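Hey, can you work out the whole structure from these sequences and the hints?
Sequential numbering of the sequence shown, starting at 1, is according to the UniProt record's numbering.
Treat the hints with care, as some may be off.
Under the rule of at most 25 Å between Cα atoms (straight-line distance), these lysine to aspartate or glutamate pairs were calculated in the DMTMM-like manner [stated by the list, open to error]:
#1 Lys31 with Asp79
#2 Lys50 with Asp79
#3 Lys50 with Glu14
#4 Lys19 with Glu46
#5 Lys6 with Asp32
#6 Lys19 with Glu4
#7 Lys51 with Asp79
#8 Lys51 with Glu64
#9 Lys20 with Glu42
#10 Lys6 with Glu46
#11 Lys50 with Asp27
#12 Lys31 with Asp17
#13 Lys31 with Glu42
#14 Lys51 with Asp27
#15 Lys50 with Glu4
#16 Lys19 with Glu64
#17 Lys20 with Glu4
Just so you know, these hints were derived from the structure itself, not from any lab.
Since this is a predicted model, take the numbers as computed values, not measurements.
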Amino acid sequence: MRMEGKLATLRPIEVTDAKKFVELINDERTKDYLSGVFPINEFIEEEWIKKNAITHNAVNFAIEVGGNLVGSAGLMAIDWVA
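Below, the structure is given as structure tokens:
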């Protein structure tokens with residue numbers, strides 16, 4: 001699913017996004033706001049992307065602004081029955 005707004009686009013995260021996500025996640029200015037063990041590498045990020053692509057109770061999106069990947073957002077612990 002791809003959602004295009006006036007300021008940003010939300011789209012599925014792809015394995016090819018791993019390199020850029022590694023840059024963003026390991027950035028000193030952003031990692032304080034994230035949970036996890038740092039630094040991460042491209043292999044770890046690719047595995048996270050693959051694992052989350054098949055998760056049934058979460059939805060994750062890449063955020064693009066002006067065609068550039070700038071981050072991600074997601075919904076976790078979704079109860080589809082409730």
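Here is what the structure says about each hint:
1. Our distance criterion of 25 Å between C-alpha atoms is broken by Lys31 and Asp79, whose separation comes to about 29 Å.
2. For the hint pairing Lys50 with Asp79, the CA-to-CA distance comes to about 21 Å; that is within 25 Å, so the pair holds.
3. Proposed proximity of Lys50 and Glu14 is supported: the alpha carbons are some 8 Å apart, at most 25 Å.
4. Distance restraint check for Lys19 and Glu46: the Cα-Cα separation of roughly 9 Å lies within the 25 Å cut-off, and the hinted pair is therefore satisfied.
5. Distance hint between Lys6 and Asp32 is unfulfilled; the C-alpha atoms sit about 29 Å from each other, more than 25 Å.
6. The suggested pairing of Lys19 with Glu4 holds, with an alpha-carbon distance near 23 Å, which does not exceed 25 Å.
7. A distance of roughly 19 Å separates the Cα atoms of Lys51 and Asp79; the hinted pair therefore holds under the 25 Å criterion.
8. About 22 Å separates the Cα atoms of Lys51 and Glu64, which keeps this hinted pair within 25 Å; it holds.
9. Between Lys20 and Glu42 the CA atoms are separated by roughly 9 Å; this keeps the pair inside 25 Å, and the hint holds.
10. Of the supplied pair hints, the one linking Lys6 and Glu46 is violated, its CA atoms being roughly 29 Å apart against a limit of 25 Å.
11. For the hint pairing Lys50 with Asp27, the CA-to-CA distance comes to about 22 Å; that is within 25 Å, so the pair holds.
12. For the proposed pair Lys31 and Asp17, the alpha carbon gap of about 18 Å is at most 25 Å, so the pair holds.
13. Between Lys31 and Glu42 the alpha-carbon distance is near 16 Å, which keeps this suggested pair within the 25 Å criterion.
14. For a cut-off of 25 Å, the pair hint linking Lys51 to Asp27 stands: about 23 Å separates their Cα positions.
15. Distance check on the hinted pair: Lys50 and Glu4 sit about 24 Å apart at the alpha-carbon level, within 25 Å; holds.
16. Restraint check for Lys19 and Glu64: the C-alpha separation of about 15 Å stays at or below 25 Å, so the hint holds.
17. Proximity of Lys20 to Glu4 is assessed by CA-CA distance (about 20 Å); at most 25 Å being required, the pair is judged to hold.
The structure does not agree with the numbered hints 1, 5, 10 stated previously, though it agrees with the rest.
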